[in-house]
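Enquirer: Generate the whole structure from the sequences, applying the supplied hints.
If you count by full-length UniProt numbering, then the sequence shown holds residues 1 to 342, one letter each, in order.
What the hints contain is simulated information worked out from the structure, not anything from laboratory work.
By construction, the Cβ of each residue, glycine as well, lies at the ideal position given by its N, Cα and C atoms.
Do not take every clue at face value.
[Claimed, not checked] Here are the simulated lysine to any residue pairs, SDA-like style, with alpha carbons at most 20 Å apart:
1. LYS44 <-> LEU33
2. LYS20 <-> LEU39
3. LYS17 <-> ASP37
4. LYS180 <-> ARG242
5. LYS153 <-> ASN105
6. LYS44 <-> LEU34
7. LYS94 <-> ARG66
8. LYS31 <-> ARG41
9. LYS264 <-> GLY253
10. LYS20 <-> ARG52
11. LYS17 <-> ARG52
12. LYS20 <-> ILE46
13. LYS31 <-> THR21
14. LYS153 <-> ARG199
15. LYS153 <-> LEU192
16. LYS264 <-> ASN232
17. LYS17 <-> ARG41
18. LYS17 <-> LYS44
19. LYS17 <-> LEU27
20. LYS20 <-> TYR51
21. LYS153 <-> LEU107
[Said to hold, decoys possible] The following label-pair restraints were derived from C-beta to C-beta distances:
22. LYS17 <-> ASP74: 49 to 59 Å
23. MET229 <-> PRO53: 52 to 62 Å
24. SER203 <-> ALA239: 25 to 35 Å
25. ARG52 <-> ASN105: 34 to 44 Å
26. PRO53 <-> GLY193: 45 to 55 Å
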Amino acid sequence: MAKAARATISDVAKAAKTGKTSISRYLNGEKHLLSDDLLSRIEKAIAELDYRPSLMARGLKHGRTRLIGLIIADITNPYSVNVMSGIEAACREKGFTLLVCNTNNELDQELHYLDLLRSYQVEGIVVNAVGMREDGLNRLQQSALPMVLIDRKIPDFACDVVGLDNAQAATTATEHLVEKGFEAILFLSEPLGSVNTRRERLSAFRATLARHHGVVAENAEVQLNDGAMLDNVLRQFHARHRGMRKAVISANGALTLQVARALKRVGLIWGAISACWASTNWSGRSWPASVLPPSNSRRGRSATRRSNRLFGALPALTTPSANGYFPASLSSADQPPVNDPS
Numbered sequence: 001m002a003k004a005a006r007a008t009i010s011d012v013a014k015a016a017k018t019g020k021t022s023i024s025r026y027l028n029g030e031k032h033l034l035s036d037d038l039l040s041r042i043e044k045a046i047a048e049l050d051y052r053p054s055l056m057a058r059g060l061k062h063g064r065t066r067l068i069g070l071i072i073a074d075i076t077n078p079y080s081v082n083v084m085s086g087i088e089a090a091c092r093e094k095g096f097t098l099l100v101c102n103t104n105n106e107l108d109q110e111l112h113y114l115d116l117l118r119s120y121q122v123e124g125i126v127v128n129a130v131g132m133r134e135d136g137l138n139r140l141q142q143s144a145l146p147m148v149l150i151d152r153k154i155p156d157f158a159c160d161v162v163g164l165d166n167a168q169a170a171t172t173a174t175e176h177l178v179e180k181g182f183e184a185i186l187f188l189s190e191p192l193g194s195v196n197t198r199r200e201r202l203s204a205f206r207a208t209l210a211r212h213h214g215v216v217a218e219n220a221e222v223q224l225n226d227g228a229m230l231d232n233v234l235r236q237f238h239a240r241h242r243g244m245r246k247a248v249i250s251a252n253g254a255l256t257l258q259v260a261r262a263l264k265r266v267g268l269i270w271g272a273i274s275a276c277w278a279s280t281n282w283s284g285r286s287w288p289a290s291v292l293p294p295s296n297s298r299r300g301r302s303a304t305r306r307s308n309r310l311f312g313a314l315p316a317l318t319t320p321s322a323n324g325y326f327p328a329s330l331s332s333a334d335q336p337p338v339n340d341p342s
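Expert: Below you can see the structure in the form of structure tokens.
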């Protein structure tokens, strides 16, 4: 049996024995302009036809879709899930609907979703740009849409940014390891490139250890999926500093997991006297030793709440950009991080 066609505003008008103008007034909240008898007929027709107005069509007609787009690199990452939860809550409070696009770290998907969100005429975009590649970032810069970036600034791009206070986080992590008596500390990150989060964390790491004479500070850049390269970096660091208490700071949660696996492969047991390793990470994905868990849900809310341009309260391209940064707090291995309920 063929499915019945969806009722239109014309069908409702015909069933209520009135014109489409009266139906539009009813749907747009102008019921005070209609008689009680006409209101009754319209309500009855809508119920009998199971009429549902097209919010998209109405939004396009009035120039407001009340849609916010979210582009994230990896929806399986707990960090992304928590950020998304915060953004959705803030959108709901403001009467907006969130459209979520997961790029799975694929450039073609990044470009596809940017074009798709523009075609849906979203009123703004929130972008987790940490994993986004240069072509995707260039496409963002060419867009006229109001935008908020999470955890990454784009050079020479006036745009709101919400993220972790990278300098404070790296300083806290480094000071913690020094206080615990570690004598040689290795900062590991993926290639720095133009990623401000990695550069800011490394800079704070070096600045902190410059104040602690006698503590060895080294850093290395490794590809996330190059296990052989990571193994070699760890072996060489261990060999150069035999007899010293050594620690590793990894720049994000994904890299922390790779470091843990690499330590196991090369036979360096965490906590062993011969190689007393510690690690810190920023994502809260796991906590083998000490972590700096960010308030991801809070950051997600801030990404939408603080940026009035996303909600149409300010002109999108004429107001100065604003940044919001949140501090990190240290959690030890026996006290794993707790998700921020706010």
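Enquirer: Each hint should be assessed against the structure and marked as holding or not.
Expert: Status of each hint after checking the structure:
no.	hint	result
1	LYS44 <-> LEU33	holds, 18 Å
2	LYS20 <-> LEU39	holds, 13 Å
3	LYS17 <-> ASP37	holds, 11 Å
4	LYS180 <-> ARG242	holds, 18 Å
5	LYS153 <-> ASN105	holds, 18 Å
6	LYS44 <-> LEU34	holds, 15 Å
7	LYS94 <-> ARG66	holds, 9 Å
8	LYS31 <-> ARG41	holds, 13 Å
9	LYS264 <-> GLY253	holds, 17 Å
10	LYS20 <-> ARG52	holds, 15 Å
11	LYS17 <-> ARG52	holds, 19 Å
12	LYS20 <-> ILE46	holds, 13 Å
13	LYS31 <-> THR21	holds, 12 Å
14	LYS153 <-> ARG199	holds, 11 Å
15	LYS153 <-> LEU192	holds, 13 Å
16	LYS264 <-> ASN232	holds, 13 Å
17	LYS17 <-> ARG41	holds, 8 Å
18	LYS17 <-> LYS44	holds, 11 Å
19	LYS17 <-> LEU27	holds, 16 Å
20	LYS20 <-> TYR51	holds, 14 Å
21	LYS153 <-> LEU107	holds, 19 Å
22	LYS17 <-> ASP74: 49 to 59 Å	holds, 55 Å
23	MET229 <-> PRO53: 52 to 62 Å	holds, 57 Å
24	SER203 <-> ALA239: 25 to 35 Å	holds, 27 Å
25	ARG52 <-> ASN105: 34 to 44 Å	holds, 37 Å
26	PRO53 <-> GLY193: 45 to 55 Å	holds, 48 Å
Comparing the model with each earlier hint shows no violations; every hint is respected.
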